[in-house]
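**Q** Each chain, written out:
Number of protein chains: 4
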Amino acid sequence: MSQNEKKYDLIALGRACIDLNAVEYNRPMEETHTFSKYVGGSPANIAIGSAKLGLKVGFIGKIPDDQHGRFIQKFMADAGVDTSGMVVDREGHIAGLAFTEIKSPEECSILMYREGVADLYLQPEEVNEDYIKQAKALLISGTALAQSPSREAVFQAIKFAKKHQVDVIFELDYRSYTWKSVYETSVYYSLVAEQANIVIGTRDEFDMMENRKGDNASTVGYLFRHQAKLIVIKHGVEGSYAYTKSGEIYHGTAYKSKVLKTFGAGDSYAAAFLHALMSGKDIQTALQYGSASAAIVVSKHSCSEAMPTIAEIEALIKANA
Amino acid sequence: MSQNEKKYDLIALGRACIDLNAVEYNRPMEETHTFSKYVGGSPANIAIGSAKLGLKVGFIGKIPDDQHGRFIQKFMADAGVDTSGMVVDREGHIAGLAFTEIKSPEECSILMYREGVADLYLQPEEVNEDYIKQAKALLISGTALAQSPSREAVFQAIKFAKKHQVDVIFELDYRSYTWKSVYETSVYYSLVAEQANIVIGTRDEFDMMENRKGDNASTVGYLFRHQAKLIVIKHGVEGSYAYTKSGEIYHGTAYKSKVLKTFGAGDSYAAAFLHALMSGKDIQTALQYGSASAAIVVSKHSCSEAMPTIAEIEALIKANA
Amino acid sequence: MSQNEKKYDLIALGRACIDLNAVEYNRPMEETHTFSKYVGGSPANIAIGSAKLGLKVGFIGKIPDDQHGRFIQKFMADAGVDTSGMVVDREGHIAGLAFTEIKSPEECSILMYREGVADLYLQPEEVNEDYIKQAKALLISGTALAQSPSREAVFQAIKFAKKHQVDVIFELDYRSYTWKSVYETSVYYSLVAEQANIVIGTRDEFDMMENRKGDNASTVGYLFRHQAKLIVIKHGVEGSYAYTKSGEIYHGTAYKSKVLKTFGAGDSYAAAFLHALMSGKDIQTALQYGSASAAIVVSKHSCSEAMPTIAEIEALIKANA
Amino acid sequence: MSQNEKKYDLIALGRACIDLNAVEYNRPMEETHTFSKYVGGSPANIAIGSAKLGLKVGFIGKIPDDQHGRFIQKFMADAGVDTSGMVVDREGHIAGLAFTEIKSPEECSILMYREGVADLYLQPEEVNEDYIKQAKALLISGTALAQSPSREAVFQAIKFAKKHQVDVIFELDYRSYTWKSVYETSVYYSLVAEQANIVIGTRDEFDMMENRKGDNASTVGYLFRHQAKLIVIKHGVEGSYAYTKSGEIYHGTAYKSKVLKTFGAGDSYAAAFLHALMSGKDIQTALQYGSASAAIVVSKHSCSEAMPTIAEIEALIKANA
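Protein chains in written order, with full-length UniProt numbering: chain W, 1 to 321; chain E, 1 to 321; chain U, 1 to 321; chain C, 1 to 321.
What the hints contain is simulated information worked out from the structure, not anything from laboratory work.
Check each hint, because a few of them may be wrong.
The list makes no distinction among identical chains, and a pair is therefore deemed to hold if it is satisfied within one copy or across any two copies.
[What the hints assert, rightly or not] Straight-line Cα separation of at most 30 Å, BS3-like style, residue types lysine-lysine; simulated pairs:
{"hint": "1", "residue 1": "K56", "residue 2": "K103"}
{"hint": "2", "residue 1": "K159", "residue 2": "K180"}
{"hint": "3", "residue 1": "K318", "residue 2": "K281"}
{"hint": "4", "residue 1": "K180", "residue 2": "K162"}
{"hint": "5", "residue 1": "K256", "residue 2": "K162"}
{"hint": "6", "residue 1": "K133", "residue 2": "K180"}
{"hint": "7", "residue 1": "K245", "residue 2": "K229"}
{"hint": "8", "residue 1": "K7", "residue 2": "K133"}
Construct the complete structure from the given sequences, taking the supplied hints into account.
**A** Structure below.
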């Protein structure tokens with residue numbers, strides 16, 4: 001199948017959960033009385049964000065057989081994400097929850113419910129080869145590696161992607177609470193990163209993958225000896241760096257914004273960066289798209305619903321040019 | 001210690017959790033966008049409700065070391081419940097959650113989060129003998145028997161109660177989702193019921209205890225051969241029956257009310273019934289207090305916050321006299 | 001059913017396992033090359049021992065669906081134990097193993113395999129009421145309480161015993177490696193001991209039950225407030241004491257013997273004591289039977305196969321008279 | 001470090017367990033009364049066998065802190081295997097057991113004890129980089145992939161091997177009872193096989209790896225696209241095939257022998273094949289060494305103790321020339 005014939009620009013694999021955002025913020029969650037419900041989870045946010053920007057997006061994941069599961073499926077479908085690759089759990093697993101607490105722009109925290117969550121019960125035999133081969137790229141969220149059988153489902157999906165020349169994008173998306181040991185994280189992050197064509201993460205996340213305090217030069221040296229062709233390393237307010245296998249290095253600047261909370265910055269970055277890349281924009285532009293998108297989301301209350309439009313992104317870039 | 005010297009009328013043992021009630025109701029939860037947070041869980045509701053009615057109430061339970069745990073502790077303390085017997089979990093367990101869905105007065109359902117919940121990790125060594133001996137009565141919630149080590153904590157608490165002539169009240173509070181097998185339920189419900197002085201439940205709950213379709217005569221016959229002196233069996237709209245060891249039978253009628261949802265009826269019943277009993281009212285009056293209290297709660301949105309006052313209860317009884 | 005019409009003098013409930021006894025002894029197990037296979041496990045040994053002495057004995061337990069399971073069933077049947085109450089596990093559980101090491105008569109140890117053992121997976125619904133009601137007495141081994149669902153099966157069996165006036169004998173049989181916490185042990189040992197008519201154990205085992213360093217007077221005071229009528233407390237070389245509800249106290253002396261190993265002493269004691277009691281001998285004689293039987297078994301290599309005959313027991317008693 | 005400076009020809013990683021072989025054979029195990037104790041487990045057998053043939057061999061694995069663990073360590077050290085890479089478990093895990101039953105040469109079976117076994121608790125941080133870099137080759141046993149954390153320890157070891165140009169040999173060693181799902185097996189077998197330089201297994205085992213009924217041509221085609229340079233596929237009595245990346249194919253014939261039991265054939269095959277290869281013999285000769293070694297072991301009672309000498313192997317080859 002040629003790239004032009006592909007039905008999806010991107011299929012994301014991993015968790016789609018529920019965010020419960022404090023309606024009353026700038027206070028501790030103990031004093032919050034009301035929560036608003038959104039879809040959350042890094043790969044779900046990226047899928048929703050990039051669909052909103054115009055990419056043709058699919059999703060592979062497992063949702064519970066309950067009201068939260070049905071909400072997730074409908075929300076994503078309404079956002080333009082193809083949900084035919086989502087599997088409904090039949091064993092009583094639940095939707096992951098993230099109660100967000102915004103004490104101040106600097107003090108945000110999340111209270112997670114991740115025990116027995118459906119997304120980590122996706123099984124390798126539930127990953128569909130025919131679905132994956134219709135994509136230009138498969139995006140793997142690192143958290144999907146945290147536990148069996150979701151972990152094996154990831155490797156199965158990568159095997160199908162490799163077989164059908166589908167690019168593998170690895171968004172490191174490291175969440176400490178889902179992992180038992182740093183060694184385990186490092187082992188599986190390495191196994192996936194070595195097979196990925198594009199790897200995106202923060203400097204801290206790459207350090208987890210390498211199980212040491214590393215530096216960009218050695219990280220990209222390591223991954224370019226395997227299958228990577230493009231690596232993006234994010235350094236917070238210092239901006240992000242893109243490295244290509246052919247040796248080019250790009251630096252994307254970060255945009256200032258009126259920060260409400262820090263959640264969702266990475267997801268909106270990835271959505272806009274990948275959209276730009278897949279739309280044929282150059283890497284430098286893609287970096288700025290990512291930064292602008294992140295800056296917009298942190299100024300808003302939700303993550304998935306706040307994913308910006310191209311117009312918003314370009315306006316921010318122009319305003320800061 | 002004489003009964004008059006006791007610091008608490010009632011100490012309840014079991015779960016104190018979080019209710020997340022759909023703000024927008026008369027619709028499926030999939031369409032709900034906002035949830036209000038309350039304290040929930042049967043023994044917590046009974047403790048709050050009976051404290052509100054004027055009893056001196058304590059609580060034994062385990063709460064998570066997070067924002068939800070702190071909210072629960074503060075909410076109960078503010079409601080007048082002594083929380084010095086509550087233990088903070090240090091092993092990462094979470095607060096149980098109940099998302100309530102009110103499609104219509106007849107169609108209510110609850111989406112539970114009960115995996116890894118702190119309340120079921122109360123350990124026998126965390127139950128304080130000195131605390132229990134200060135109570136006139138210890139109320140055990142059946143759900144606390146669902147799992148170790150909470151199950152053993154219940155037996156430990158009963159042992160202390162027996163040693164210090166504290167009455168044991170068993171509120172069957174059967175929730176199918178917390179149990180693995182009907183045999184297991186029956187075994188532990190029987191072991192506690194045989195040691196209880198007062199047993200309260202619905203006919204269906206007594207059937208779970210006996211692991212058969214039983215009838216009131218044989219149920220009370222069985223329990224009066226052990227330590228029971230008063231047994232209350234609830235039959236929904238047909239009202240409730242109280243049986244005493246000396247052979248008296250009382251029938252309490254149910255009150256009609258404008259039902260918003262069915263949650264919380266049993267807890268408010270128990271709170272008002274026990275308050276009446278402990279205030280020296282006769283059994284017939286206590287039954288009507290229970291019925292009236294239940295009728296009031298089902299007409300309101302929350303459970304713990306909606307627990308009625310004596311004035312409300314007596315007004316309803318008078319209006320229906 | 002009258003006692004005379006009963007088909008079984010005794011039905012034992014609990015584990016039936018495999019002993020692998022070092023053929024070469026008086027050395028550490030590291031240097032052992034050969035092991036002999038026997039049936040083991042306290043209640044299995046008691047069943048075999050008392051059947052050998054002439055009691056009509058049945059057994060309730062769960063055995064694996066493998067060669068070890070079939071060996072256990074055949075060995076016990078050949079020893080005269082009715083095995084119709086034994087259930088074959090269908091979930092891949094295994095037989096418990098005990099590798100015995102005899103370094104010297106003073107230094108014996110056991111290497112246990114107790115993970116995933118079939119005996120602890122006996123379910124309450126696998127306990128047969130019709131079987132139990134045919135017994136004069138039901139013997140519960142404390143180890144069967146160590147884990148669900150075997151724990152619930154014990155309580156179910158006791159419920160049936162009570163219903164049909166079958167005496168409950170509780171052999172404390174405490175094995176630390178099967179328990180997670182001393183509080184848990186104490187809770188369940190107490191619950192069973194309070195329902196037992198005869199309780200047999202070492203002073204140390206009664207201390208576990210009471211979760212404190214106790215003394216015989218307070219122990220028997222506690223149990224006689226419940227359903228006990230006869231309590232036997234063993235004090236090693238100082239002999240054993242029997243206490244009756246009516247206030248009699250008997251002291252049984254211990255017999256000296258050429259000790260090869262210490263395993264199996266308690267089981268052979270119980271087998272001979274119960275046989276004597278059920279044969280109408282007086283309590284003093286029963287104590288001496290127990291002591292003699294224990295003295296014989298510790299001088300031999302195995303446990304189950306070494307259970308003595310009446311002639312051997314009486315010969316030892318006469319020789320020491 | 002040059003290959004000549006390396007301290008070890010081979011370091012094997014995986015389980016070292018206890019075999020309990022029926023002393024009385026040609027009968028069902030139910031009728032066996034005595035068992036002989038040996039060290040067992042595929043990688044332990046290969047280590048012992050190749051050490052006996054003259055290779056310098058090390059071992060990475062986890063053994064219990066008990067009599068069985070100490071026996072294993074001493075037995076392997078006595079057989080000439082360096083055991084400095086073996087870790088003693090401190091969490092109460094046990095030695096795996098294999099009770100062998102020899103009903104007839106055609107009917108052999110094994111009763112396994114694999115629940116909570118120490119070998120599967122080897123942790124990635126317990127794998128020593130300095131140890132691995134001293135080896136010419138690292139042999140991975142497929143069973144070590146069956147469970148975390150041993151699974152991650154394997155990937156960690158491979159990472160060290162790759163870093164220090166140590167050849168990775170993958171002995172598929174598939175045992176169905178250690179795996180939960182064929183998909184899981186296939187995922188991890190593929191991940192290791194794609195990194196291995198030498199892969200050895202039966203046709204059935206390669207089918208497990210590929211999760212389909214495959215054929216040798218496609219199997220070797222797949223693996224030569226990754227890092228393999230030599231692949232050995234065994235077809236039982238039809239002999240074995242060796243494939244090299246450069247396109248050569250060798251066929252090794254099987255030797256007839258007076259079969260006592262079938263256990264241990266694969267391990268002795270691998271030991272002799274690897275010894276021949278590492279001693280500079282050609283591939284065809286190595287195949288015959290493997291076949292001869294297997295033929296000798298199946299005619300003897302044990303596995304680890306029966307590993308043949310070079311003289312025995314060469315005598316058998318000559319006798320069949």
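**Q** Run the structure past the numbered hints and jot down the numbers of the failing ones, going up.
**A** Violated: hints 1, 5.
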